[in-house]
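Novice: Build the full structure now, drawing on both the sequences and the hints.
Protein chains in written order, with my numbering: chain G, 468 to 628; chain C, 8 to 635; chain B, 10 to 392; chain L, 15 to 311; chain W, 1442 to 1629.
Just so you know, these hints were derived from the structure itself, not from any lab.
For every residue, glycine included, the Cβ atom is placed at its ideal position computed from N, Cα and C.
It is possible that some hints are incorrect.
Unchecked claim - Computed list of lysine-lysine pairs in DSSO-like fashion (alpha-carbon distance at most 27 Å, straight line): (1) W:Lys1597 <-> C:Lys543; (2) W:Lys1593 <-> C:Lys540; (3) C:Lys507 <-> L:Lys166; (4) B:Lys346 <-> G:Lys617; (5) C:Lys578 <-> B:Lys274; (6) W:Lys1603 <-> C:Lys557; (7) C:Lys579 <-> B:Lys321; (8) B:Lys219 <-> G:Lys550; (9) W:Lys1448 <-> L:Lys50; (10) G:Lys471 <-> B:Lys106; (11) C:Lys578 <-> B:Lys106; (12) G:Lys530 <-> B:Lys321; (13) W:Lys1597 <-> C:Lys557; (14) W:Lys1611 <-> C:Lys557; (15) L:Lys166 <-> B:Lys219; (16) B:Lys219 <-> C:Lys579; (17) B:Lys370 <-> C:Lys578; (18) G:Lys550 <-> B:Lys370.
Unchecked claim - Derived coverage of chain L by chain C (criterion: at least 3 residues anywhere in the stretch with Cβ under 8 Å from a Cβ of chain C; other residues may be distant): (19) 72-85; (20) 119-126; (21) 245-259.
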Amino acid sequence: MKIKEMLENIKKEFPYIGTEIQEEKQARIYVCNDKFLNILTYLRNEKFEHLANIFAIDWIDEKEFEINYNLWSYEYLVSIIVKVRIPRDKAKIPTALNIWDHAQIYEREVHEFFGIEFIGNPDLSPLFLHNWKDLPPMRKDFDTEAFSRKAFDVGEREGEK
Amino acid sequence: MITFGTIVILGILISLIIWLFFRENKVISWILFILYTGFSFVLLLRLYGQWQYYEAFKSIIYLGNIKIKFTLQNNMLGWIFAILIFGISFFNGLFSLGFSKSKYSKNIVPLWTLILSASILILFAKDFILFFVGWEYLTWPVFFIVNQGKKKFYSDSMYYFALNVLGGMALMLGIWLVFKNTQTLDIKTSISILLSHKASIHTFWLLIPFFIAFLVKSAAYPFHVWAPRAHSSAPADFSPFISGIMIKFGIFGILLFIYPLLSKGFIPGTYHGVPTTAYFLSWLGIITSIVATVLAFSENNMKRLMAYSSVANVGYILTAIFLTTPLGIEGGIFHTINHMIFKVIIFITLAAVYFRTGTADMSKLGGIAYKMPITFMTFLIGIIAAAGIFPMNGFTSKWIIFQAILEKHFYLMAVAMFFASTGAFLYLYRALHSIFLGQIKPEHRDSVKEVPFLMQIPMWIGMILIISIGVFPGLVLKPLIPFFNSIGLPAKYILTSLSKLPGSFGQLNTLNAAIIFGFAAVLVTILFFVVAKHHKKPFMDNYTAGEDPKDWGVDENRYQFAYGFYQPFEKKFLPFFKRSVDMFWQYFGFYTKHLGEWFNNIFKDDNNFGYIAIIGIVIIFIFGGFVL
Amino acid sequence: MIDRFTELKKIAQKDGHVLYNIFFGPNHPGMNGNFGYVLDMVGSQVVDVRLNAGQLHRGFEKLMEKRLWVQNFSLIPRVCVVDPDPNEVAYATTAEKLADIDIPKRAKYIRTITLEMSRMTSLLMGMGSVGGATGLYTIMYWMLSDRDYLLDMFEWLTGGRVYHIFNLIGGVRRDFPEGWIDKILELMDYFENKLKEYDHLLYNNPIIVKRLEGLAPITGDEAKKWGVTGPNLRATGVRSDIRIDYPYAAYNEVEVNIPIQEDAKGDALARAIQVRLEFEESINIIRKAIKQLPEGPVRVKIGNPLKLRIPKGEAYTKIESSKGEFGYYIVSDGGIKPYRVSVRGPSLPVGLFLCKRDLPKIRIEDVALWMNTYSICAPDFDR
Amino acid sequence: MIFLILLKAFLITLWVVFIGLLFLGIGRKITARIQKRYGPPFYQQFIDVIKLLAKESIWHHWIMILGAIMALGGLIATALHVPIAGILPYDSNGPIFLVLYLSAIGYLGMAMGVSASGNPNAPLGIGRALTLMLGYEIPFAAVLIIFMGLTKSSYFLQIAQSQAGGILHWNFIRYPLAFIGAEIAVQAMMAEKPFDQMIAPAEIASGPLVEWPGKFLGLGMIQMGVSVFIETAIITNLFLGPSHNILDFTLKQFGIYFIALCINAVMPRFKIENAAIYLWTIPLGLGLLQMLITFVL
Amino acid sequence: MLDKIQKDREKRQSAWEAVINYFRKRSLYMLHYCTGCGAIELPPIMTSRWDMERFGIAPMATPRQADILLVTGYASQKTIKRLIYTYEQMPNPKWVLGFGSCTINGGIYWDSYNVINKLDRYIPIDLFISGCMPRPQSILSAMKKLQEMIGKGEAKGYERYKQNYEWYKKNQRKLLERETPFLDGGEK
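Specialist: Here it is in structure tokens:
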């Protein structure tokens, strides 16, 4: 099956999505918030069983987060990236835990670095960062250089005997 | 002065007095107990050497047309047992005096006193009737002590009950058979009559009931199942008695009646100069010790674990005795005595731990040594003795047993014995670690402290005894010489020097070895304290792979490995050992249960009449059965 | 095994005293990196595992947004220390896709060869660590010293032993030096001979086989479901390799024979043997690539790299590294710096999620072995 | 008299510790050579021990110290009962049972000391060590009992002297099965691979030694050396004939240790229950077979 | 008189120190702890090509037994916490070796939000090795240098830590036990 047909099939099923073909084996699907789980389920049942990862992009100018589900089909050898956008100030999205078990750990990671909440994921506790009090670091409005200067520059070696 | 009669009558009297008047007053009843044991001990001490001494009581009981004369005859073996029993009970009483203040089971003192007086009957009886009476007197009170009148100990004590009733009945049957065959109830006479018989089917049937009776009492395979259960449910300060003394009555019985008859055993002939029956029975001893050792690996209850250890030691003793060589008997009896001492000491320390913590589950303990150093040291010395490591007394008797086995060229048996003996390290270390070492639980950190001095007395005495017998085995072996002469064994290997261990394959100078050991210890100690400094750190400041345990909610409870010590090993081998015997006795127990329920109902409603009534009924029943 | 485990868990729930913790890492000799598991144990059986990651987190994805397109080449090899080249190639390929740059054929071949060499260094470490985890240190010492020959070749070619920073947007930094190719062919022969020795010592060792056989098995379907990729997936018998399925560099021209074991059980033994087979295949690929090596330039001109702008767009490249699928998703807003770089590391689903399924079924002595047969690499999930 | 014994004991102790540490050092060198390395100098172990003894130590409770002292003291006392080319501090002839059980006090002391440090890795390692002990003691006992039965004595010296009269009378030629069995058992006794589960670093962070710093570790190293000495000396006495002088004896000891090292270098470690089963099949089987051949046939 | 005795004792002590220092430098146990990517160059040093063991340097499993702590590369906030914990568990005398540029000034992670910049503000470093990552040769020469320093009694990082304990603790606390965000507006 060619990737074009595939996308057309998906589009027949879910008419409200946007599609884009990157190269002959890669495609992107843009979807509005509330329906994306159906598409993921559909794709999983259509042999896109490998979830390579989940990552987020912070479109700060558009005040939106984009959650990406990176899928791969072992049968068609095609990579599809499902892109979901959610507003930045209400960063909540249902979890994909029921579709892929290991989505749990990816969601935990995204939650830690972007502050996006995955509704239904039982364990979103911090894993990578130590005692983090600032903004989630991967957000565009977090200034890592300023943080570094403030936190790690202890100044001159004063007070030392 | 009538020694035995005094002790027996005094015991029954004191038991009655305590039961009637001082039942609620723990201090007075224990003091009476201590006075009684001490007094009896002194009385018995005076009897050393007077082996012809006897006490006869007139009686009105006729058996058929024979008038029965009850006679208590002083004898070497009985005397040694009696001395040890009363001595140990004396110190145990001292311990219990301190112990009982908080955890006291009401009827233990009168019943215990009764047991002690009964033991005199067993040890010095000249005829089977008194022996049997004493035997039953011993069995029943122990049941009530073990049960403590509590529902939760019901099933455990039922094992004891069922098996020991079985043993008692077997004994009765055996006595009846002996009487049928020999027309006499005198033990010595019947033995000599039986020996003059040709090996016949009679003797064959004769021995089996006695075997069952004695093996049940000494908790040998396959009757070992009651021991761990009875130990775990008995009051903590009574467990030393069960392990140290009670199971030794089985050994005593075997020495008294089975041993002389072994050449007439049910398998004729000899093997390497050992009666074939005896040869197989010494393998039974080996099996006992191996099974008990393996079962002990996975035990989590400290009293049960040590009970299995007792069973294993009984195995060694049986093996040694059934070799029927002077060295074997010597080793067997020596090990019996040593085991009495070190196992009592071990159980006393366990009772001390129980006294302070209130639990016998090893996984709930840990680090007790840091709060109870004396108890720990006693326990350590006890388990070193139990493992048979050199400067302690356990080594000396094990040495003789090994020599005895080798003397007979039973090489495979020696290898099997090595298994059990090495296995002892496994469970003993497990007890040492789980109870005394490792992380101390937060709940024990402040509440646990060393036991009062009164309770330490037996520990100190025990430590001194264990080490001194270990270094000078002659302390015990020398007084035994008359005994060996008396049972007609050539005293070939019995030595005169205090510090020499006899052996067929070689002797050992324990004093020199101890000097070398002391030298090495001193040398290393000096080396340790001469070199660099050391600093003390708290227990949770530990290797945690760089993690701060607090971050992960790991406290002392969560940093103590105490359960499933030999898990991989257990998983592979334990099913093999556990299934068969236990299953059998479970069915057995199931059918005895109904009987037990009936008894339980009697003393459940706190009506103490039940206790005495049952004992009385049983005794009447037994006598009645005989008279008819 | 599972019954035993549930039974133990029941015991642990009933009596909390039997449960204790062992800190497995970060400072643990069985740990191959700076991360850790906190194991809940009953006896010597693991019953639960808590994760302890993040010690190696450096914020790469954030830092890449702050650096120029070219500067990032110094950062990305550090994502996976033992196998650095796939990162460079993945990043470069993605950027080239976005900028629509077609790199010269020779550069593609050079990338293929360095990728395979990098894979070989990593596989050698993976094979050796199986020895290390079981106490067979000799094999580890031998393999690590053999690995140094490859590092020397890298040094000759790129100037760096571990981090090569050899790829650029538009090709590779330089052509093979004179004599390099002869030397690498010689080295391949050396390794081929060495493999027999490794087999003798490691893979034919009955104790190793006994210890690895049946340890933490996983079926192909399960592996797909749990996100396992690369050699670990192939060890279950699934014929899947990005080098063939989604070719990059010169893999569409160089023939790759994916080694698949017959009746692969997906247990630790299968995984360990898979590593060895892949190593052999890498030798073959390098030989073939050198045979087919075309002449020509090694990179295209891209102008001043400090002012390099990549057109707006986004793309994903996945690369078969020695541990599985390494992927780079790059978003460009047309500036001199990437807008967002997302890294997909192969160890993350295994090391942080599959452990919850596998570790509670095995005993403490197999934890290190489990980790090493999955060749978990801590920096690639911490990033 | 007693001073003479003590003086002799002291000198033998020095010799035992010296040879033990030297063996460990040479062992490191040999292992390094098998691993294609240059290796540390042969006297490295002495430097290590001196450094460790001079290093600050951390302890959690006095039981740890008691354990350390018991461990080394017990083993030194054991070593003083093993005849070294016939030399013993007093005329004990080297009683076998005493040696077996005295060495146990060393292991018990070690176990107690590490338990008192409160680290769960330590008892995990000890649990394995004891399981392994159950494994190797049985075949070893079987072999010992063969020779005890043959010489009708439970002394090492008698067994060693019974082999007098040329190499053909040495036990390892006359009783090869027993020799192989004992070699495997001794491999386990020395905790060389494939039987080093108790100190497996990759599994339980070097097990018992996990909380032993500074001088504890120094004493532990001396203890390791002494135990290597004892075990090689036992095998030498049992199998390698009577020795005429100390040098002869030490060379034979080294031969035994060398074999152990070579096996150690190319073996991974067993799982503990597999190790026990292995020890109960191959070496015990060999021992029993030898027993059968010797006494029955 | 008293002064003389004091002096004599010091003299003897320093002579003793000198002897012990010789043994210390010839026998260094390093902690088996790969804190960062520099650890990848440690295996080659231990194996046949460079073979560290010939200088008496051997890896050890736990901090209790170790003499040198190698900080092999960058230290993230989580790592630095564990490093400090581990360092404090090591018995004296102990030394720390800082690997690579990252330990000196943060290296290429100078602006990372999770990697500390100056390691010697948190634990005392006896010797830095520059480079990213340092080559085996430079690590070996650093080891030799450290041995020289130990032999001369110069490497006294652990004493510095004791003397400036408050200062180090203050720095550590500022980093690890923060209760407020470093930057403004950092709620979440």
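Novice: Honestly, which of those hints from before does the structure not fit?
Specialist: 7, 8, 9, 11, 13, 15, 18 and 21
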